[in-house]
Amino acid sequence: MVAHVPMKANGTKVLKGPERVATLLFAMGKPAASRILKHFSEEEIRLVTKSAAQLGPVSPTQIEQLVEEFASNFSDGADLVGGAAHIEKLLTGILSPEQIASIMNEVVGNANRSIWERISTVSESAIASYLMKEHPQTAALILSKVKPSCAAKVMTQLPQPLRNNLMRRMLSMKPIVDETMKNIEKTLHEDFMANFSKNAGADTHAKIADIINKMERDHMEDVLSSLSSVRPKSAEILRGLLFTFDDIVKLAPKDRTTLFDQVPPDRVVLALKGTNDEFRKVVLSALSSRVRRMIEHELNSKEPSAHRDIAEARRSITDLALEMAGRGEIVINSEAEEEAYF
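Taking the numbering used here, the leading residue of the sequence shown gets 1, the next gets one more, and so forth.
Watch out, some of these pointers could steer you wrong.
[To be verified] Derived DSSO-like pairs: lysine-lysine, alpha-carbon spacing no greater than 30 Å straight-line:
1. Lys273 / Lys250
2. Lys250 / Lys153
3. Lys147 / Lys214
4. Lys133 / Lys50
5. Lys30 / Lys182
6. Lys133 / Lys147
7. Lys254 / Lys214
8. Lys207 / Lys174
9. Lys30 / Lys50
10. Lys281 / Lys302
11. Lys254 / Lys273
12. Lys254 / Lys147
13. Lys186 / Lys250
14. Lys233 / Lys273
15. Lys233 / Lys250
16. Lys153 / Lys254
17. Lys153 / Lys207
18. Lys233 / Lys153
19. Lys153 / Lys186
20. Lys147 / Lys186
21. Lys182 / Lys50
22. Lys214 / Lys302
23. Lys214 / Lys133
24. Lys182 / Lys147
25. Lys233 / Lys207
26. Lys214 / Lys233
27. Lys233 / Lys302
28. Lys273 / Lys214
29. Lys182 / Lys153
30. Lys214 / Lys153
31. Lys250 / Lys281
32. Lys250 / Lys302
33. Lys153 / Lys50
34. Lys214 / Lys250
35. Lys174 / Lys147
36. Lys186 / Lys174
37. Lys214 / Lys30
38. Lys254 / Lys281
39. Lys174 / Lys133
40. Lys186 / Lys50
Keep in mind the hints are simulated off the structure, nothing from the lab. Bear in mind the structure is a predicted one, so any value in this text is a computation, not a measurement.
All chains should be modelled from the sequences, with the hints used to inform the complete structure.
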């Protein structure tokens, strides 16, 4: 969520406590600002640094109003732009390199957090291919910064020796100085831009597939047929992302068992009504013998059920399969379709 920035009626930003201090320090220049900063505690410097890194443009009018008693020093009306690099210069010579690195890592890390979030959206195979070309220490740093769920998926794509090496390096990772971190983030931004744009397209297809997945079977086929006539490539991609109740028989036996372990028996009974014997046989083989006998008994009773209830039961099982696939618990739409009943 983007924070609301207080604005004056004329559109300029309202400067508050630490921002006012940061503006004055920038306006003074390093010699004067350095003498003042020596009297600040480290916590105060940290607070001012955070504000300075996000200060942005400050107009000459705002500077003059803020430092009226020194208005003559700003008579040329030059704009002032605050940023992390400026405040880092002011801190040099006042704090130790380690203290500066600690403060700037926190500030710059927060400011550039989105780069790691964006990398976490790139496919794990693309990230794995990239990391295998990098120095192991750089690869370990990248994995320590992306989302844990992303890092876990990437790890599965890496050779075992490299995977174990990176895990050891991540455990002994030390703080990275600001300049090195900025260079790494800049390089990653440039290297992954193509992947970001490709991924945006993939996200669109995934969202559309999610919508189509929730349609009735007839409606799904109608939409896909219509798309095939105007955008055949997109229709082909979407078909590969879809998963319906009929596709359950294409799951690997262990994945089918994992799925139906989470489905109540009464829902399985409803979902299997109206299916053919071969389909039932494949599904029932994923159940324990006790549950299978109970479901077979219910199905043999021939007790009628509303079409809406049957469709709802099938949809709930399909949705569960998609959720479990999203968590990496099962694999759907695998190219190796095992034990397909047709």
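How the hints compare with the structure:
1. Between Lys273 and Lys250, the direct Cα distance comes to roughly 19 Å. Compliance with the 30 Å bound is thereby established for this hinted pair.
2. For the hint linking Lys250 to Lys153, the alpha-carbon distance of about 23 Å falls within 30 Å, and the restraint holds.
3. With a CA separation close to 29 Å, the supplied pair Lys147 and Lys214 stays within the 30 Å bound.
4. The suggested pairing of Lys133 with Lys50 is violated, with an alpha-carbon distance near 35 Å, which exceeds 30 Å.
5. A distance of roughly 23 Å separates the Cα atoms of Lys30 and Lys182; the hinted pair therefore holds under the 30 Å criterion.
6. Of the supplied pair hints, the one linking Lys133 and Lys147 holds, its CA atoms being roughly 21 Å apart against a limit of 30 Å.
7. Distance check on the hinted pair: Lys254 and Lys214 sit about 25 Å apart at the alpha-carbon level, within 30 Å; holds.
8. This hinted pair does not check out: Lys207 and Lys174 have alpha carbons roughly 39 Å apart, beyond 30 Å.
9. Of the pairs offered as hints, the one joining Lys30 and Lys50 holds, with about 18 Å between alpha carbons and a cut-off of 30 Å not exceeded.
10. Restraint check for Lys281 and Lys302: satisfied, since their Cα atoms lie roughly 17 Å apart, inside the 30 Å limit.
11. This hinted pair checks out: Lys254 and Lys273 have alpha carbons roughly 23 Å apart, not beyond 30 Å.
12. A hinted pair counts as satisfied when its Cα atoms are at most 30 Å apart, and Lys254 with Lys147 qualifies at roughly 28 Å.
13. Under the criterion of a C-alpha separation no larger than 30 Å, the hint pairing Lys186 with Lys250 is inconsistent with the structure, at around 44 Å.
14. Restraint check for Lys233 and Lys273: not satisfied, since their Cα atoms lie roughly 35 Å apart, outside the 30 Å limit.
15. With a CA separation close to 23 Å, the supplied pair Lys233 and Lys250 stays within the 30 Å bound.
16. Between Lys153 and Lys254 the alpha-carbon distance is near 20 Å, which keeps this suggested pair within the 30 Å criterion.
17. Distance restraint check for Lys153 and Lys207: the Cα-Cα separation of roughly 21 Å lies within the 30 Å cut-off, and the hinted pair is therefore satisfied.
18. With a C-alpha separation of about 28 Å, the suggested pairing of Lys233 with Lys153 holds against the 30 Å cut-off.
19. Proximity of Lys153 to Lys186 is assessed by CA-CA distance (about 24 Å); at most 30 Å being required, the pair is judged to hold.
20. Pair hint Lys147 plus Lys186 holds up; C-alpha atoms about 19 Å apart against a cutoff of 30 Å.
21. For a cut-off of 30 Å, the pair hint linking Lys182 to Lys50 stands: about 17 Å separates their Cα positions.
22. Among the hinted pairs, Lys214 with Lys302 is consistent with the structure: their alpha-carbon atoms are about 28 Å apart, no more than 30 Å.
23. Straight-line distance between C-alpha atoms of Lys214 and Lys133 comes to about 41 Å, which puts the hinted pair past the 30 Å bound.
24. Under the criterion of a C-alpha separation no larger than 30 Å, the hint pairing Lys182 with Lys147 is consistent with the structure, at around 19 Å.
25. Pair hint Lys233 plus Lys207 holds up; C-alpha atoms about 16 Å apart against a cutoff of 30 Å.
26. Taking the CA atoms of Lys214 and Lys233, the gap is near 21 Å; set against the 30 Å cutoff, the hint holds.
27. With a C-alpha separation of about 44 Å, the suggested pair Lys233 and Lys302 falls outside the 30 Å cut-off, and the hint is violated.
28. A threshold of 30 Å between alpha carbons decides the hint, and for Lys273 with Lys214 the separation of about 20 Å falls inside it, so the pair holds.
29. Restraint check: the Cα-Cα separation between Lys182 and Lys153 comes to about 25 Å, which is no more than 30 Å; the hinted pair holds.
30. Restraint check for Lys214 and Lys153: satisfied, since their Cα atoms lie roughly 27 Å apart, inside the 30 Å limit.
31. Restraint check for Lys250 and Lys281: the C-alpha separation of about 13 Å stays at or below 30 Å, so the hint holds.
32. With a CA separation close to 27 Å, the supplied pair Lys250 and Lys302 stays within the 30 Å bound.
33. Straight-line distance between C-alpha atoms of Lys153 and Lys50 comes to about 34 Å, which puts the hinted pair past the 30 Å bound.
34. For the suggested pair Lys214 and Lys250, the alpha carbons sit about 19 Å apart, so the restraint of at most 30 Å is met.
35. Annotation: proposed proximity of Lys174 to Lys147 holds, straight-line Cα distance about 19 Å (limit 30 Å).
36. In summary, the hint linking Lys186 to Lys174 is supported, as the alpha carbons are separated by about 20 Å, within the 30 Å threshold.
37. This hinted pair does not check out: Lys214 and Lys30 have alpha carbons roughly 62 Å apart, beyond 30 Å.
38. Distance check on the hinted pair: Lys254 and Lys281 sit about 15 Å apart at the alpha-carbon level, within 30 Å; holds.
39. Note on Lys174 and Lys133: the hinted pairing holds, with a Cα-Cα distance of about 22 Å set against a maximum of 30 Å.
40. Proposed proximity of Lys186 and Lys50 is supported: the alpha carbons are some 21 Å apart, at most 30 Å.
Consistency note: the structure conflicts with the earlier hints numbered 4, 8, 13, 14, 23, 27, 33, 37.
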